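K.L.:
The sequence shown begins at 10 in the working numbering and counts up one residue at a time.
These are calculated hints, taken from the structure and not from any lab test.
Predicted model only: the values in this text are computed from it and were never measured.
The C-beta atom is built at its ideal place from N, Cα and C for all residues, glycine as well.
Distance condition first, Cα-Cα at most 30 Å in a straight line; then the derived DSSO-like pairs of lysine-lysine: (1) Lys42 - Lys60; (2) Lys45 - Lys60; (3) Lys42 - Lys54; (4) Lys45 - Lys33; (5) Lys33 - Lys50; (6) Lys60 - Lys71.
Between beta-carbon pairs, the in silico distance windows are: (7) Leu30 - Thr58: 35 to 43 Å; (8) Glu36 - Thr59: 28 to 36 Å; (9) Lys91 - Glu68: 32 to 40 Å.
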Amino acid sequence: KNDRDSQYADITKYTAAMEGLEAKKEELELEMKELKEDIPKAWKKLNETTKLRDEEKDENLKRIKAAEDAAAAVHEAIMVLKNFYQSAEIQQVLLQASPVDEDTEGAGFKGGYK
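Work out the full structure, taking the sequences as your base and the hints as a guide.
P.N.:
Here's what the structure looks like:
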């Protein structure tokens, strides 16, 4: 009788374990199905993202090139201005006159305000 009770307890334990494993198997099969459906969506999203990044990269490279060209132009303009003002300083060619010094007739109207 003890042996039969022990065997019954083992069968009950293994049956419960098997039912739990079967439920887990069904759960995992459902999850696999959902994941298989999500794979094409993920690939599509990845391809779209890659395309956008490539476009952004091209645009950024164009902007970098434009900025480098602008920096070179500014540097060249600075050098031209330095050379001009250094040579003008040496030759004392650069003179400035004020138009106010030439105009000594007053405010440009006569009489009082009416």
